[in-house]
Amino acid sequence: MRYLPLTDNDRADMLATIGVDSVDDLFVDVPADARLDGLLDLPGHAGELAVERAFRAFAAANLAPSSAPSFLGAGAYRHHVPATVDHLIQRSEFLTAYTPYQPEISQGTLQTLFEFQTQVALITGMEVANASMYDGATSTAEAVMMAHRLTRRGKSLVSGGLHPHYRAVIETMTRFTDLVVEAAPADSRGVEDLAPLIDADTACVVVQNPTLFGHVADLRPLAAACHDKGALLVVAVTEVVSLGAMLSPGDMGADIVAAEGQSLGVALSFGGPHVGLMATRKKFVRQLPGRLCGETVDVDGRRGYVLTMSAREQHIRREKATSNICTNSGLCALAFTIHLSLLGEAGFRRLARLNHARAIAVADRLATVAGIDVINRTFFNEVTVALSKPAAAVTEHLAEQGVLCGVPVSRLLPDDDCHDLLLVAVTEMATDQDIDRLIDGLTEALR
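The numbers in this note's numbering rise by one with no breaks, and the one at position 260 of the sequence shown is 260.
Derived from the structure by calculation, the hints contain no laboratory data. Source: prediction; values computed, not measured. Careful, some of the hints might be misleading.
Only pairs whose alpha carbons sit at most 25 Å apart, straight line, appear in this in silico SDA-like list of lysine to any residue [claimed, not checked]:
{"no.": "1", "residue 1": "Lys320", "residue 2": "Gly154"}
{"no.": "2", "residue 1": "Lys389", "residue 2": "Pro164"}
{"no.": "3", "residue 1": "Lys283", "residue 2": "Asp300"}
{"no.": "4", "residue 1": "Lys229", "residue 2": "Val181"}
{"no.": "5", "residue 1": "Lys320", "residue 2": "Val180"}
{"no.": "6", "residue 1": "Lys155", "residue 2": "Asp193"}
{"no.": "7", "residue 1": "Lys155", "residue 2": "Thr177"}
{"no.": "8", "residue 1": "Lys282", "residue 2": "Gly154"}
{"no.": "9", "residue 1": "Lys320", "residue 2": "Gly294"}
{"no.": "10", "residue 1": "Lys155", "residue 2": "Pro221"}
{"no.": "11", "residue 1": "Lys389", "residue 2": "Leu354"}
{"no.": "12", "residue 1": "Lys283", "residue 2": "Leu122"}
{"no.": "13", "residue 1": "Lys155", "residue 2": "Gly294"}
{"no.": "14", "residue 1": "Lys389", "residue 2": "Thr443"}
{"no.": "15", "residue 1": "Lys283", "residue 2": "Pro221"}
{"no.": "16", "residue 1": "Lys155", "residue 2": "Leu122"}
{"no.": "17", "residue 1": "Lys282", "residue 2": "His227"}
{"no.": "18", "residue 1": "Lys229", "residue 2": "Ala245"}
Estimated spans, in silico, between C-beta atoms of each pair [as the list claims (entries may be wrong)]:
{"no.": "19", "residue 1": "Val51", "residue 2": "Asp178", "range": "47 to 55 Å"}
{"no.": "20", "residue 1": "Asn62", "residue 2": "Leu42", "range": "14 to 22 Å"}
{"no.": "21", "residue 1": "Arg35", "residue 2": "Gly154", "range": "32 to 40 Å"}
{"no.": "22", "residue 1": "Arg149", "residue 2": "Arg220", "range": "24 to 32 Å"}
{"no.": "23", "residue 1": "Leu342", "residue 2": "Asp21", "range": "32 to 40 Å"}
{"no.": "24", "residue 1": "Leu95", "residue 2": "Val299", "range": "28 to 36 Å"}
{"no.": "25", "residue 1": "Arg302", "residue 2": "Asp193", "range": "52 to 60 Å"}
{"no.": "26", "residue 1": "Arg350", "residue 2": "Thr443", "range": "47 to 55 Å"}
{"no.": "27", "residue 1": "Thr368", "residue 2": "Gly38", "range": "49 to 57 Å"}
{"no.": "28", "residue 1": "Thr296", "residue 2": "Ala64", "range": "43 to 51 Å"}
{"no.": "29", "residue 1": "Met309", "residue 2": "Asp178", "range": "24 to 32 Å"}
Using N, Cα and C, we set each Cβ at its ideal position, and we do this for glycine too.
The whole structure should be built from the sequences, with the hints applied where relevant.
In structure tokens, the structure reads:
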């Protein structure tokens, strides 16, 4: 076998060495219903042309946001990515670069990471940021574990407005630790009050702003309540463009900010890759996971860049590491940095205002449709609406008409009574004609 060079005797020797009887014994921790019992129902082989045709047919079954009016959001947003971004990140010195272990020959990569950190610190209102996490969900989980290390407390209180995927990642990454995750019920109406739930064992309170349901909150009272009890406030941001219009998490008293940077420079791409952002107060820097790129000078006084305080598993013992992240989203971080550099502060704020204005226009029109109740009192570019019919059925109906009208909340919270709720996101990509098709489609579907 060309790709399987080991013999049966080789495998038997390896299994005997590690003390198991079979390969199946290595997967006993994986639930039986999650394991394949036999081969997939696929053709045994096919020619290259046949395979290409088959996969083109699969792809044609998708309705992509780029080819239809799209109001999808819920943590991944379609924004315009300037052609300059893709042109620059495909330069060979960026596209092929990996971990900058040798600073003397990695100055270009290190400088872009330093600029990335600077941008993240500025837009989040924090003092220090690290250099690229995997995505917003893992950044949030890392923030929770960081808070646990800092406070030496055993409980994380999670808002009901946090994206359920983020909560699931927190639960997965803390499963084999002594950290308990307490999640509040889903808060579709934006009336949650977490302050009374904070106690002496609370390491951190995790909130999303804007929330999963689009609500925007002033977090300053919650930050004060956290600090009164010695807990940290972790703020998750899934739509980073919102930071161009809202008071920053740092200005509202956040101790750690975890965010998804996909909205800047990174296309949807059917779900990835994304890029995580993470920032904190300078006094917490020694517990900040991932890479931290610093600026220094060489022996001749020339400016240079290095990785500093790298408490990752490759650099120190695993049990002492602040994180076991062993790669990064460097190319996506570069795309983020280029896009935000092209926008500048004025352009970033203008983009945020445009998103908000388009969302207001759509919310106002949705409110006039029979069978729709707009839930939000405050929002940035995403609103939750209650429909008179199941939201999942309505979205399927509009998709057949060539309109992606939003994300049914029931897909994210299948166990909650939210079958009528629909998340509608509006970015600068929504044209007047797109909005007309959305309103017309919903009007017809809800009759």
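Violated hints, by number in ascending order, as checked against the structure: Of the numbered hints, 3, 11, 13, 16, 18, 23, 26 do not hold.
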